[in-house]
Amino acid sequence: MTEPSVSENVVPQKQPTHPMDSWLRQDRLPHIWCPGCGIGIAFSATIAAIKESDFPREKISIVSGIGCSSRAAGYLNIDSFHTTHGRAIPFATGLKLANPDLKVFLFAGDGDLFSIGGNHFIHAARRNMDLTIICINNYIYGMTGGQFSPGTPMGAMSSTSPYGNQDTPFNLPHLAEAAGAAFVARWTTAHVRQLKKAISTAFQKRGFTFVEVISPCPTVYGRRNKQPFGIQMMKTLLETSQINHNARGHEWDILLDKPVVLGNFIDRERETFVERQKAFQEHMETYLSEKEIKGGTYGD
Amino acid sequence: MLDRNKNRALTGVHFMNGDCACAEGALMAGCTFFAGYPITPATEIAERMAQRLPSVGGIFIQMEDEIASMNAILGAAWAGAKSMTATSGPGFSLMMENLGLGLVTETPCVLVDVQRGGPSTGLPTSVGQADMMQARWGSHGDYEIIALAPESPQECFDLAIKAFELSEKYRMPVLIMMDEVIGHMNEKVIIPEASTVKPYPRRLPTVPPDQYLPYHPGTDGIAEMAIAGQGYAVHVTGLTHNEKGYPEINSRAQAEMVQRIVQKIRLNTKQIIMLEEDQLENAEIVVVSYGISARIAQLSIQQARNEGIKVGLLRLITVWPFPEEYVQNLAAKVKGLIVPEINMGQMVREVERCSHGKTQVIGVSHPGGGLHTPEMILDAIRRAKE
Amino acid sequence: MERTEIRISGFGGQGIVLMGYIIGKAAAIYDNKNATLTQSYGPEARGGACSAQVIVAAEKISYPILVAPDILITMSQAAYNTYRVGLKPNGILLYDNMLVKLTADETAKSFNIPAKNIAKDLGRQIIANMVMLGFLVKITAVVSQQAMEQAIAASVPPEFLDLNLEAFKRGLAYQQA
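Residue numbers (the numbering used here), protein chains in the order written: chain A, 3 to 302; chain B, -1 to 384; chain C, 250 to 426.
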């Protein structure tokens, strides 16, 4: 080893690099997420899962909608699409179909994916569209200041349910299963290893794969529901959740007075949209080769 | 083996309706992705694309609604495809928000509106031209748009090709404002060989990723566009963004971005605008119209000429951007401008605005569900003459 | 300016729009004139009065909607009742006399043919529309026989071409009783 030069001794040590640094758009940091928010945990679990995968980095695209979670698309240093509220799934559908070599995944919130974008979710699942959906369920619309969402448990307080939420929330795994998802899991940001593994599985698996991430929002959900600190909410998530991979249907319901059931619930094989499309195109290649190419009702 | 390039063109003379001709024009232009939702009177475009796209190796997907359709074509465009959707009034309304996303992210694609009678469900199977202002202003915020209005099935074919060219050239969604009569009417359509029309290429980056700025305008005001999967790590957002594509929430970034998407059209209006002039040389009165209304006005003009009235036709092939300067000059020279359209007065406002009170402007409105009779337009011509 | 307006009417399922398509195609492509075809749209797919409108002209057709038809073809009573009123004075009326009974005061130049029965004799009632097309050429010559035959050949499934052409020829040769 050579002696360090004088100048190096004078210049302060550079901050050490983090293994995920190259995956982030450094010039976009700091991020907007509040202290105690769970999105960052889910985000790094996602990056860890992507790093482990064998997809070449330039072939991975993230698509998101609008909301706190959806801001993730702006921080990830890959092709990234931050679309309009609720519309990430159809945008991603077009992106994937026009270039099936891409690995396209979504990172968005419960309000975006299941309220304004709910219709797109069930249809993409029905088609078994080749997309991985990571849904941050923080039980609330965070960015607009804490209105109840389709993920808000019944009875919970929010700015638009000041006397307690009168709506029933969606049971997201049940919805995903019924609509046709190939893989369905639910974890919390307090179960980082399991979460990363589930995202990894979802990422590698063909078809429509769905991971729900229960994530604390101390700022606008916890504050109104007697848990104003992230650490407190994380603790609650750990203490009140139960891992049960074999749970089914209504056991996945989220109720304020019941433990949240976690696990990798559904893992099944269904022909995917892209596979069907490829087979169809191959079939048409032969079918049309033998035919005169024609147009309308009367062959014009 | 399928000859995908050759199959772009159904070469020959056809007796085809405007919807099918529009679809054939899109295929000729190199369209390989169509996402849509059934709606009268635009359904035939989707049906035609479903039938024909496999022969060019393209993809047809029927989405769950028009919102999804609009987003899917934006996604497909970012994967490099030439993409299109087609709809009518109710679906056009649903597409408005994400037309805005396409405009602000400067995404090339084509959106067809086969206009029917409105508002709301209105007259699903009958003609209207009442979406003209929606075409211009329907999405929130400030922008400029390009919209073309064909008057025949042949022109549906020709303008579909033009729309794709403009969308790639100016990096934006382009509208084709058809109507039910043109869409459903069969007429002679001549389709040339595929080799005569070269798909207009995407303006891909000419610099490596570390030097690339997705919204840095070139010398002509338009930025090069990287697509997904090429290592450019492009960031695309509907938020106000800077040259890098990163959100920047302040009035300076807003001014830069909005001015760029507005100026790229305003500074190029001369190249974009297409007009047809008929018997304008000695005309004292000019009918200014577009689409099916301009076509039927020709009969009224003929009759007026027979009566000795010097009347001509200015047909707007490009309705947006509006030919402001042209109409301004015209207004200074003539006794009157007649604007027949199947709505309660939309483009006539533009004609009035650009006339600056220099001539009388007479709108001939029709609430929709049918066409003007030639007499309605003739009466207006006679009135202007007096 | 030579301009011939034709309305073809009947009920849904008789191949009324196909008739319009074939006439238009014959005129526009094979007689090298101009033609437009428009159809009346309603929510019903079968039954109900149905109409297709064709305009044939040597020059460009600026007004593609019927003003007053020169020729009315009707293949159902309901269609006759609905559309007769628009026919030009001295217009030509072609009808299937097995399906349509004219009113006592009918003043049009009327020509009848039992198209449905002729088609039945040929084994398929569905080709009555081709019989009527033959009859149209015979009576009006709005398009040439050759153009019509070419348009039929380009528009019907190849396996049924001979049958369709046979029906067309029967109509063409029909001598009104």
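Honestly, I wouldn't trust all of these hints.
Said to hold, decoys possible - No more than 30 Å apart at the CA atoms, straight line, and that leaves these computed lysine-lysine pairs for DSSO-like:
#1 C/309 - A/296
#2 A/296 - B/4
#3 B/383 - A/280
#4 A/61 - B/242
#5 C/418 - B/333
#6 B/333 - A/296
#7 C/337 - A/296
#8 A/293 - B/4
#9 B/242 - A/16
#10 B/167 - A/61
#11 C/387 - B/383
#12 C/309 - C/369
Calculated directly from the structure, the hints in this document are not laboratory data.
Please read these numbers as outputs of a predicted model, since none were measured by experiment.
Task: Given hint residue 280 of chain A paired with residue 383 of chain B - CA-CA distance at most 30 Å - done: 64 Å, violated
Task: Pairwise hint evaluation, residue 369 of chain C against residue 309 of chain C, where the allowed Cα distance is 30 Å at most - done: Violated, at roughly 39 Å.
Open item on the list: So if I understand the rule, the pair passes when the alpha-carbon distance is 30 Å or less; does residue 296 of chain A with residue 4 of chain B pass?
Closed with: 13 Å, holds
Task: Pair hint residue 333 of chain B and residue 296 of chain A, alpha-carbon separation not exceeding 30 Å - done: 51 Å, violated
TODO: Measure nothing beyond the straight line between the CA atoms of residue 242 of chain B and residue 16 of chain A; if it is 30 Å or shorter, mark the hint as holding.
DONE: 26 Å, holds
Open item on the list: Between the alpha carbons of residue 293 of chain A and residue 4 of chain B, is the straight-line distance 30 Å or under?
Closed with: Measuring from Cα to Cα gives roughly 14 Å; hence the hint holds.
Open item on the list: Need the status of pair residue 387 of chain C, residue 383 of chain B: alpha-carbon distance at most 30 Å?
Closed with: 47 Å, violated
- [ ] Quickly compare the C-alpha distance for residue 309 of chain C and residue 296 of chain A to 30 Å and report which way the hint goes.
- [x] 27 Å, holds
Task: Pair hint outcome, residue 167 of chain B versus residue 61 of chain A [Cα-Cα no greater than 30 Å] - done: 26 Å, holds
Open item on the list: Just to be careful, I want the Cα atoms of residue 418 of chain C and residue 333 of chain B compared with a cutoff of 30 Å; is the pair within it?
Closed with: The hint is violated at about 58 Å.
Task: Straight-line alpha-carbon gap residue 337 of chain C to residue 296 of chain A, limit 30 Å - done: Since the Cα atoms of residue 337 of chain C and residue 296 of chain A sit roughly 38 Å apart, the hinted pair is violated (cutoff 30 Å).
TODO: Mind checking the alpha carbons of residue 61 of chain A and residue 242 of chain B for me, to see if they're no more than 30 Å apart?
DONE: Within the cut-off at roughly 20 Å; holds.
Violated hints, in rising order: 3, 5, 6, 7, 11 and 12; the structure is consistent with all others.
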